[in-house]
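Chemist: In case you want the letters, here they are:
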Amino acid sequence: MSTLVALARAQAFAAGRAQPIATVRHLHVQDHPFVLIPLAMAGEANAPLAAMVGTTPDDPRLLVVAQPRNRDERFAFADGLATALVPYLTSFAGDTEAVPVDRGRDVRHRFVDAPQVWVPNTGGVDFLRLFGRSTRFRRVDGEYPVPPTVPLLGQWLTFLAGASEVPGSSLLLNAVQALGMHWATGQSGAEDAHLGSLLAWIESGAAAAREAEAGPVAGPATDPDFDNRVLAPLIADGDPALASVLRELMLPTWQQMWRTLALLRTLPAGDRVATRWDGDRDSYSSFVEHLAESGLPQPRRDGAVAAAARLQRLENAATRYAVQRAFDDPLVMAEYRLAGVAFGGVVTLANPDRVDDTGKRPVLRPRIMVATTETLRIEAGATLTSPARPAQKAKVISITPTGTGWDVLLELSGGMGRKLVADPGTVPLVGEKLLLTTLSEAYRPGVAFPDPTETPWTHGGPPEPYAEP
Amino acid sequence: MKLDRLRGPAKAKRHNARTIAALTGNPGCARRSVLDAAGIDKVKLAERIGFPGSFGQSRFALARGNAFEAMLKADGCAMLRSVLDVGVVDYQDLGEDADDTLGARHDRTRSLLASSTSALIDHPLLTLSVAGQTVFLEPDLIAFQSEGRLRVVEIKSFAVVDGQADAAKVSAAAVQAAVYVLALRELLGEDRVSHEVVLVCPENFSLEPVAVILDVRKQLSTLRRQLSRLSSVSSLVEALPESVSFDVTLPVSSLLASLAEVSARYVPECLSACEMSVYCRDEAAGSTAALGRSVRESLGGVETVSLALDLSTGAASPTPEQEEAAALLRAAARLREEALS
Ligand code: SF4
Numbered sequence: 001m002s003t004l005v006a007l008a009r010a011q012a013f014a015a016g017r018a019q020p021i022a023t024v025r026h027l028h029v030q031d032h033p034f035v036l037i038p039l040a041m042a043g044e045a046n047a048p049l050a051a052m053v054g055t056t057p058d059d060p061r062l063l064v065v066a067q068p069r070n071r072d073e074r075f076a077f078a079d080g081l082a083t084a085l086v087p088y089l090t091s092f093a094g095d096t097e098a099v100p101v102d103r104g105r106d107v108r109h110r111f112v113d114a115p116q117v118w119v120p121n122t123g124g125v126d127f128l129r130l131f132g133r134s135t136r137f138r139r140v141d142g143e144y145p146v147p148p149t150v151p152l153l154g155q156w157l158t159f160l161a162g163a164s165e166v167p168g169s170s171l172l173l174n175a176v177q178a179l180g181m182h183w184a185t186g187q188s189g190a191e192d193a194h195l196g197s198l199l200a201w202i203e204s205g206a207a208a209a210r211e212a213e214a215g216p217v218a219g220p221a222t223d224p225d226f227d228n229r230v231l232a233p234l235i236a237d238g239d240p241a242l243a244s245v246l247r248e249l250m251l252p253t254w255q256q257m258w259r260t261l262a263l264l265r266t267l268p269a270g271d272r273v274a275t276r277w278d279g280d281r282d283s284y285s286s287f288v289e290h291l292a293e294s295g296l297p298q299p300r301r302d303g304a305v306a307a308a309a310r311l312q313r314l315e316n317a318a319t320r321y322a323v324q325r326a327f328d329d330p331l332v333m334a335e336y337r338l339a340g341v342a343f344g345g346v347v348t349l350a351n352p353d354r355v356d357d358t359g360k361r362p363v364l365r366p367r368i369m370v371a372t373t374e375t376l377r378i379e380a381g382a383t384l385t386s387p388a389r390p391a392q393k394a395k396v397i398s399i400t401p402t403g404t405g406w407d408v409l410l411e412l413s414g415g416m417g418r419k420l421v422a423d424p425g426t427v428p429l430v431g432e433k434l435l436l437t438t439l440s441e442a443y444r445p446g447v448a449f450p451d452p453t454e455t456p457w458t459h460g461g462p463p464e465p466y467a468e469p
Numbered sequence: 001m002k003l004d005r006l007r008g009p010a011k012a013k014r015h016n017a018r019t020i021a022a023l024t025g026n027p028g029c030a031r032r033s034v035l036d037a038a039g040i041d042k043v044k045l046a047e048r049i050g051f052p053g054s055f056g057q058s059r060f061a062l063a064r065g066n067a068f069e070a071m072l073k074a075d076g077c078a079m080l081r082s083v084l085d086v087g088v089v090d091y092q093d094l095g096e097d098a099d100d101t102l103g104a105r106h107d108r109t110r111s112l113l114a115s116s117t118s119a120l121i122d123h124p125l126l127t128l129s130v131a132g133q134t135v136f137l138e139p140d141l142i143a144f145q146s147e148g149r150l151r152v153v154e155i156k157s158f159a160v161v162d163g164q165a166d167a168a169k170v171s172a173a174a175v176q177a178a179v180y181v182l183a184l185r186e187l188l189g190e191d192r193v194s195h196e197v198v199l200v201c202p203e204n205f206s207l208e209p210v211a212v213i214l215d216v217r218k219q220l221s222t223l224r225r226q227l228s229r230l231s232s233v234s235s236l237v238e239a240l241p242e243s244v245s246f247d248v249t250l251p252v253s254s255l256l257a258s259l260a261e262v263s264a265r266y267v268p269e270c271l272s273a274c275e276m277s278v279y280c281r282d283e284a285a286g287s288t289a290a291l292g293r294s295v296r297e298s299l300g301g302v303e304t305v306s307l308a309l310d311l312s313t314g315a316a317s318p319t320p321e322q323e324e325a326a327a328l329l330r331a332a333a334r335l336r337e338e339a340l341s
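The listed protein sequences correspond, in order, to chains A and S.
Be aware that the first sequence starts at 1, since it is given in full-length UniProt numbering, and climbs by one per residue.
Be aware that the second sequence starts at 1, since it is given in full-length UniProt numbering, and climbs by one per residue.
Calculated directly from the structure, the hints in this document are not laboratory data.
Cβ atoms here follow ideal geometry from the backbone N, Cα and C, with glycine treated the same way.
Certain hints may be false.
Interface residues of chain S toward chain A, partial, derived using beta-carbon atoms under 8 Å [what the hints assert, rightly or not]: (1) G50; (2) P52; (3) S157; (4) S232; (5) V233; (6) S235; (7) V237; (8) P241; (9) P268; (10) A316; (11) R336.
Each computed EDC-like pair below joins lysine to aspartate or glutamate, with the alpha-carbon atoms no more than 16 Å apart [to be verified]: (12) A:K395 / A:D356; (13) S:K169 / A:D126; (14) A:K433 / S:E338; (15) S:K169 / A:E44.
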């Protein structure tokens with residue numbers, strides 16, 4: 001944990017209230033999200049007990065499995081969930097927009113909006129992933145047929161769970177993580193995992209949070225005490241009261257989910273959030289296309305090439321996400337300043353017309369001097385950027401200690417127009433406050449991977465073609 | 001003996017692999033060492049002093065665990081044999097028994113294991129020395145003996161799906177298995193007991209068993225290190241005043257006074273591992289450790305939240321060792337203020 005977030009936790013403890021650790025919202029919030037609270041049966045491998053689902057706060061729909069070990073009931077539950085969820089997910093596959101590709105020589109189309117599903121916590125995400133795994137290979141014919149909605153639900157859940165692993169994706173979000181990214185409480189991360197308690201720290205404070213701990217859990221695991229005292233007799237007797245008991249148990253979490261969304265909406269979205277949502281719309285669009293074309297279920301495990309490519313995509317996404325958050329949010333950038341890889345300073349000298357003519361062609365290379373009092377872990381030769389001028393590079397020529405800090409001499413390139421005289425406003429003026437960092441938004445091309453059909457034998461050879469299980 | 005007196009007339013709680021794993025999870029905590037050594041019922045104690053936790057187990061989970069185990073052991077362990085691929089060997093169940101016959105069962109365990117015939121040995125009773133005390137381990141495992149070498153077999157009811165299982169559950173199972181390996185090695189010697197243990201779990205979404213081999217060498221060395229760090233309980237207990245007692249029939253005020261005599265070391269991990277955690281958390285409020293190890297480290301290892309804050313505002317002047325931490329805290333406070341203003 002960074003010292004900044006740790007300090008925020010300490011401040012939250014002293015204040016008895018959660019403290020902000022972000023000044024903007026770092027995720028996309030859909031105008032019409034789908035909230036899904038799964039409850040699992042203790043002990044079973046991913047047996048659903050109930051789910052509360054819906055798209056409006058005052059209209060929760062409850063799905064219940066009265067006999068969690070009964071196979072037919074389980075698939076009736078999956079069918080019910082599919083009936084509620086899948087039409088929502090496909091409802092965004094309507095209007096498309098053209099996106100130029102191949103440097104404008106071609107266009108492709110993507111949907112103008114995409115779905116967004118919210119679960120309470122990472123346990124909810126894991127539950128959906130496993131539920132997707134247990135349903136997507138089901139057969140609609142043969143000895144144990146299931147309704148056709150079931151394998152389709154499985155594929156959608158697998159898609160969403162996969163998307164949630166991509167840093168910065170907003171297709172499947174969980175409330176605990178979303179809140180924890182924007183507020184620090186005065187308790188430990190382990191205690192923050194309880195949605196009711198975390199939300200209470202933000203909305204009302206420490207005392208309310210302690211009280212919330214005693215309240216109902218947000219699933220998917222149920223409280224053992226609840227299992228033994230309440231649930232077991234209801235299930236044993238096939239008591240029709242089960243549904244109303246579960247509804248009462250889940251309603252507080254349902255409300256907390258919508259309050260979480262409302263809280264997040266109070267924060268302005270970061271500038272780069274929309275770009276990441278574009279990426280989400282891209283992956284939604286291609287998944288819809290996949291379903292329309294081959295529609296094969298995702299494999300149990302990725303082959304070696306697919307796994308390596310995916311890992312690299314995730315790493316790239318993580319780096320990009322970290323940099324974008326810092327560029328969007330001074331409070332996140334502050335962490336890099338504390339670490340000495342970003343600094344704030346004032347321009348003390350500027351030579352905006354400097355031209356370097358030592359090369360074949362003369363090029364515009366203005367120089368500026370920035371004075372800072374902050375810690376620096378940057379050396380001469382490094383390339384810096386400023387969030388205010390992301391297209392411009394600043395090469396560190398020298399760093400000279402002064403009585404109170406450092407004078408950093410920088411040579412600028414890019415983002416100043418095409419002429420040998422900089423466009424107005426593109427070179428920082430004397431007296432301007434600047435933030436500079438080694439973080440860069442520049443695109444890092446990935447390594448080329450072999451075609452999956454050419455997977456070397458050392459990595460398991462080419463993946464088996466899909467076989468009906 | 002003084003330890004028994006600490007407990008009063010109540011029956012002593014016995015150790016099992018889970019409690020040893022939890023104990024070694026926080027080796028610096030004298031309070032837990034003492035309470036465990038004296039066999040105190042911590043659930044009862046916490047309830048009595050008004051800080052109950054929830055450490056129950058769901059009966060659904062228990063039922064499934066039992067059903068899975070019963071299925072494996074039915075017909076002379078037919079299914080277990082086939083998943084372990086051990087062919088026809090003896091099956092010996094040493095059973096359960098009362099406190100006063102533990103010694104006898106331990107002797108039977110020892111002689112059976114020493115005989116080195118191929119067999120599946122269920123419910124062996126083991127001992128382990130913990131904090132200078134020899135404790136019996138409430139057994140919940142099978143030892144598979146073949147060609148003079150023993151392997152620990154643990155039956156768990158969490159699912160392995162596509163070769164993967166809940167990481168937290170696997171690592172808990174590995175630590176517990178390591179406790180058994182350690183105890184078996186104490187009994188029989190290092191080289192008789194394999195560091196590879198077999199985990200038998202249901203596969204995918206069925207009850208079909210699958211056997212997974214786990215190498216617990218890492219867990220073994222951590223466990224050894226932590227056990228050696230457990231301060232000797234007898235000297236801890238000797239140092240306690242006569243008045244200290246955790247007899248749950250005593251008034252709450254005197255129990256609280258007794259607890260205050262034994263120092264604790266609360267960390268948030270206690271919440272899932274120790275029955276005293278709600279009380280200890282309350283007691284530790286205001287310490288940086290209560291916010292989590294990483295928070296404490298990021299605050300420069302400063303003990304209390306108020307000192308960390310005072311250092312960050314300059315209201316407190318740092319000692320020479322705190323200089324560096326204080327500078328970082330001041331910079332952090334300044335940056336937070338700048339970004340939030
Ligand atoms: S909860 Fe208390 S007694 Fe238990 S290990 Fe933690 S500090 Fe020690």
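Chemist: Which numbered conditions among the earlier hints are violated in the structure presented, ordered from lowest to highest?
Modeler: 1, 2, 4, 5, 6, 7, 8 and 10
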